[in-house]
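Which chain is which? The protein sequence lines are A and B, in order.
Going by the numbering used here, 153 is the number at position 153 of the first sequence; the sequence numbering is gapless.
Going by the numbering used here, 52 is the number at position 52 of the second sequence; the sequence numbering is gapless.
Everything labelled a hint here was simulated from the structure, so no lab data went into it.
This structure is a prediction, so every number in the text was calculated from the model and none was measured.
Cβ atoms here follow ideal geometry from the backbone N, Cα and C, with glycine treated the same way.
Hints may be right or wrong, so weigh each one.
To be verified - Quick list of simulated restraints, FRET-style, between CB atoms:
id, chain 1, residue 1, chain 2, residue 2, range
1, B, Pro183, A, Asp119, 54 to 64 Å
2, B, Asp143, A, Gly33, 22 to 32 Å
3, B, Arg126, A, Pro183, 52 to 62 Å
4, A, Asp119, B, Arg337, 46 to 56 Å
5, B, Met310, A, Asp105, 45 to 55 Å
6, B, Asp48, A, Arg350, 21 to 31 Å
Claimed, not checked - Under 10 Å between C-beta atoms, here's a sample of chain B residues computed to sit facing chain A:
id, residue
7, Ile19
8, Ala23
9, Val27
10, Ser94
11, Glu144
12, Ile145
What the hints assert, rightly or not - Using 20 Å as the maximum straight-line C-alpha spacing, the simulated EDC-like pairs for lysine to aspartate or glutamate come out as follows:
id, chain 1, residue 1, chain 2, residue 2
13, B, Lys122, A, Glu144
14, A, Lys59, B, Glu87
15, A, Lys122, B, Asp143
16, A, Lys59, B, Glu17
17, A, Lys122, B, Glu248
18, B, Lys91, A, Glu55
19, B, Lys24, A, Glu55
20, A, Lys20, B, Glu248
21, B, Lys59, A, Glu87
22, A, Lys91, B, Glu144
23, A, Lys20, B, Glu144
24, A, Lys91, B, Asp304
25, B, Lys281, B, Asp304
26, B, Lys20, A, Glu63
27, A, Lys20, B, Glu55
28, A, Lys91, B, Glu63
29, A, Lys235, A, Asp174
30, B, Lys401, B, Glu248
31, B, Lys91, A, Glu144
32, A, Lys24, B, Glu55
33, B, Lys20, A, Glu55
34, B, Lys91, A, Glu63
35, B, Lys122, A, Asp143
36, B, Lys59, A, Glu17
37, A, Lys312, A, Asp336
There are 2 protein chains.
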Amino acid sequence: MSLIVQKYGGSSVANVERIKNVAKRVVEAKRKGHQLVVVVSALGDTTDELIALAEGVTKAPSEREMDMLLSTGEQISVALLAMAIQELGVKAVSLTGYQVGIMTDRFHTRARIIDISTDRVKRALREGNVVIVAGFQGKTTADEITTLGRGGSDLTAVALAKVLRAKACEIYTDVDGIFTADPRIVPDARKLDTISYEEILELASLGAQVMQSRSIEVGKKFDIPIYVRSSFNTKPGTLITKETKKMEEVLVSGVALNENEAKVTIFGVPDRPGVAAKIFKILADNNINVDMIIQNKTETARTDISFTVMKKDLSRALTVVQRAARAVGSKEVDIDRHIAKVSIVGVGMRSHSGVASAVFGALAKAKVNIEMISTSEIKISCVVDEKNGRKAVRAIHKAFKLGRKKAR
Amino acid sequence: MSLIVQKYGGSSVANVERIKNVAKRVVEAKRKGHQLVVVVSALGDTTDELIALAEGVTKAPSEREMDMLLSTGEQISVALLAMAIQELGVKAVSLTGYQVGIMTDRFHTRARIIDISTDRVKRALREGNVVIVAGFQGKTTADEITTLGRGGSDLTAVALAKVLRAKACEIYTDVDGIFTADPRIVPDARKLDTISYEEILELASLGAQVMQSRSIEVGKKFDIPIYVRSSFNTKPGTLITKETKKMEEVLVSGVALNENEAKVTIFGVPDRPGVAAKIFKILADNNINVDMIIQNKTETARTDISFTVMKKDLSRALTVVQRAARAVGSKEVDIDRHIAKVSIVGVGMRSHSGVASAVFGALAKAKVNIEMISTSEIKISCVVDEKNGRKAVRAIHKAFKLGRKKAR
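Pulled out of the complex, with its shape left as it was, chain A reads as follows (with noise of 0.2 Å):
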């Protein structure tokens, strides 16, 4: 008997109607013959909602007492699933991360997974039961409740795939998979039936929201099969897997946009040894991600340096800039909150030369003038004007020819 492992959104359980149609879709599987390990985020809007008290009763909640206080979300989701299956005369039993012992650090809020301990799933599992489990949360070794940051849900499902050796992680979304680009902008993009991990999580930094990093790297590093699929159709949705021979064949995988960073100029840096690293360390140090650095060289003394930075940590990277800038002994520094950044990713970009003039030329072509560029071993990114991002994105999927046939 294959064991498996899913779990629903708080999308796929927004109301009660929702539940009863994840406890019908928990049940088919469980009447297939296989054993289940359910995990369910919070329901719909319940943690806005929790948000909103804690908000209402300070401006600066104290983390623990947020675990605290969201945590229970999931615990709500829990029991009304099992309730769900009970209904439909299934066994079932719901656990909280703090029952099933998924042990974690400290770090409220953003705790990240030490160990999990099986004994109790496994126990209740060969009691018949289909084993529902809150995602999103776990306990300390001082029996501490802590919650997992965001995608905690999908890292507990992947986590727990892991030491109960399912066969299959199945993350059950509100979408039907993962696309070649966001059909929002991009109306012919096709479903990908197949994607590997390493492209996946190229796509997840560069802003197409379908699955957290974190969840992604557990998975590929202990090699679980994770499928994204609808909780509202039965289509088949995308395989994430490890990289194969056949991937390879297919240049680029999909086209991301994002929408979400600022890029910030510091003219007229000195250009000296141990500048640069300076800033950085000084961004660093108060917790700004920058991600694409780019330095031209524009008098023989002094250089200047560009990069991106999270749209909401803009405010806050400006200061830190300008002090940085002024330690170094730089001219001015300059904002631009109108970029978006497009980029293609794929596996098959490894064994294939030419596919950064295909983007540039799809670019050009489109009359699309690209601000800054980006590269890794399956990753093309360009900065480009905000007003320019979704045509980017539109030319350069129809150049890489990646929408659907269409015969249909």
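Using the hints provided, position chain B relative to the given structure of chain A.
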């Protein structure tokens, strides 16, 4: 430094403003130099909302999953209260029943406390924290989450006061204390400064819904002073304590009205030993609580038996009673939903005679007919027609001069 356990009910923490108000009160007590353990119920309507969700999913939710679900209510309120206290610059930490180590038996939705670990609470107190404990919940030795049933949060508070050897247990609610009668029925009802455990136990079981009997019993057993006070003002409230000489000087402490019972009469029961036992055993076996019982002999060989049950149990009781009546060869069964039970309570009755006749006299003067009478050492109960219930309360309250002095 003396330790005080405070308990705030759902109406005291119904919204963000009220939570902040409770935080202020807690901080005031803390600044007076007390160590504080604060037990909190779920926010206002949370429990009802959770029950509605469960009922949306299934008509018959498993009790284990109900506990999983409902225990989140208190977890939310303790986290929010801890945040609100921290916002006022005072150290606070919230703990679930699970984290405290409130060990219970395995009877979900109505668990009994077996033991409470004090290590974690004491450690948190030593570290200077106000310790906020989720009421109403505990865990079994198998790490299952349980809830304590009605009045569970009061029970948590009194039991914690016991194991922590607290100086007092303060129950904050939405009324000013315990009154000689329900002020909605008797406008000049007077708040009592003190009342004995015995009296409040009788009042609780007689329908004056102040506190559940279970927590009073614990208070009585371990001689823990319990203050019932309003969380909305600073009036002193009522102290529940052991009987004193002074209390015995007062004939009657309070008059209670219970409109939740119905009367069942079995006519023509064969008058031989063991018949009544048989009938009430069948009721007990079916988990139907019987309150007052009277038996009137009408013929030589037969008798009539009347008793009262909760209205909510009436239809179930009727089915059972009709079966029982047939089994013993009775004539017929009659029910009366339209009754009210009026009771007076006072430890002074023990040493004073003439209380019963004063009650009957007051009712006669008010032209209220008495249908059933039941007495104990410190209580007299009369069943009257439902439409006379309130009038009867007022008549007795006046006869015993329980109201406020006119000169105010």
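Do the hints match the structure? See the list:
Taken as a hint, the range 54 to 64 Å holds for the pair Pro183/B and Asp119/A, whose Cβ atoms sit roughly 56 Å apart. Between Asp143/B and Gly33/A the Cβ separation comes to about 29 Å, which falls inside the hinted range of 22 to 32 Å. A C-beta distance of roughly 58 Å is found between Arg126/B and Pro183/A, which places it inside the suggested range of 52 to 62 Å. Between Asp119/A and Arg337/B, the C-beta spacing of about 54 Å keeps the proposed range 46 to 56 Å intact.
Range check, Met310/B to Asp105/A: about 52 Å between beta-carbon atoms, so the 45 to 55 Å window is met. Between Asp48/B and Arg350/A the C-beta distance comes to about 59 Å, which lies outside the given range of 21 to 31 Å. Checking Ile19/B against chain A by beta carbon gives a least distance of about 6 Å; that is within 10 Å, so the hint holds. Look at Ala23/B: its Cβ gets to within about 8 Å of chain A, closer than 10 Å, so that hint holds up.
Here the hint on Val27/B is broken, as its CB sits about 13 Å from the closest CB of chain A, past 10 Å. Given the 10 Å rule on beta carbons, the hint for Ser94/B holds: about 5 Å separates it from the nearest Cβ of chain A. Interface restraint check for Glu144/B: the shortest CB-CB distance to chain A comes to about 8 Å, inside 10 Å, so the restraint holds. Because the closest C-beta pair between Ile145/B and chain A is about 8 Å apart, less than 10 Å, the hint holds.
Restraint check for Lys122/B and Glu144/A: satisfied, since their Cα atoms lie roughly 16 Å apart, inside the 20 Å limit. The straight-line distance between the Cα atoms of Lys59/A and Glu87/B is roughly 8 Å, inside the 20 Å bound, and the hint therefore holds. Restraint check for Lys122/A and Asp143/B: satisfied, since their Cα atoms lie roughly 15 Å apart, inside the 20 Å limit. Between Lys59/A and Glu17/B the CA atoms are separated by roughly 14 Å; this keeps the pair inside 20 Å, and the hint holds.
Between Lys122/A and Glu248/B, the direct Cα distance comes to roughly 62 Å. Violation of the 20 Å bound is thereby established for this hinted pair. Taking the CA atoms of Lys91/B and Glu55/A, the gap is near 18 Å; set against the 20 Å cutoff, the hint holds. Restraint check for Lys24/B and Glu55/A: the C-alpha separation of about 17 Å stays at or below 20 Å, so the hint holds. The hinted pair formed by Lys20/A and Glu248/B fails the criterion: a straight-line CA distance of about 60 Å is larger than 20 Å.
With a CA separation close to 8 Å, the supplied pair Lys59/B and Glu87/A stays within the 20 Å bound. Taken as a hint, the Lys91/A and Glu144/B pair is honoured in the structure, with Cα atoms around 17 Å apart against an allowance of 20 Å. Between Lys20/A and Glu144/B the alpha-carbon distance is near 24 Å, which puts this suggested pair outside the 20 Å criterion. With a CA separation close to 49 Å, the supplied pair Lys91/A and Asp304/B exceeds the 20 Å bound.
Restraint check: the Cα-Cα separation between Lys281/B and Asp304/B comes to about 17 Å, which is no more than 20 Å; the hinted pair holds. This hinted pair checks out: Lys20/B and Glu63/A have alpha carbons roughly 19 Å apart, not beyond 20 Å. For the proposed pair Lys20/A and Glu55/B, the alpha carbon gap of about 12 Å is at most 20 Å, so the pair holds. Between Lys91/A and Glu63/B the CA atoms are separated by roughly 14 Å; this keeps the pair inside 20 Å, and the hint holds.
For the suggested pair Lys235/A and Asp174/A, the alpha carbons sit about 12 Å apart, so the restraint of at most 20 Å is met. Only pairs whose Cα atoms come within 20 Å are accepted, and Lys401/B paired with Glu248/B is accepted, the gap being roughly 16 Å. A distance of roughly 17 Å separates the Cα atoms of Lys91/B and Glu144/A; the hinted pair therefore holds under the 20 Å criterion. Of the pairs offered as hints, the one joining Lys24/A and Glu55/B holds, with about 17 Å between alpha carbons and a cut-off of 20 Å not exceeded.
In summary, the hint linking Lys20/B to Glu55/A is supported, as the alpha carbons are separated by about 12 Å, within the 20 Å threshold. Of the pairs offered as hints, the one joining Lys91/B and Glu63/A holds, with about 14 Å between alpha carbons and a cut-off of 20 Å not exceeded. A distance of roughly 15 Å separates the Cα atoms of Lys122/B and Asp143/A; the hinted pair therefore holds under the 20 Å criterion. Annotation: proposed proximity of Lys59/B to Glu17/A holds, straight-line Cα distance about 14 Å (limit 20 Å).
For the suggested pair Lys312/A and Asp336/A, the alpha carbons sit about 13 Å apart, so the restraint of at most 20 Å is met.
Hint compliance for this structure: hints 6, 9, 17, 20, 23 and 24 are not met, and every other hint is.
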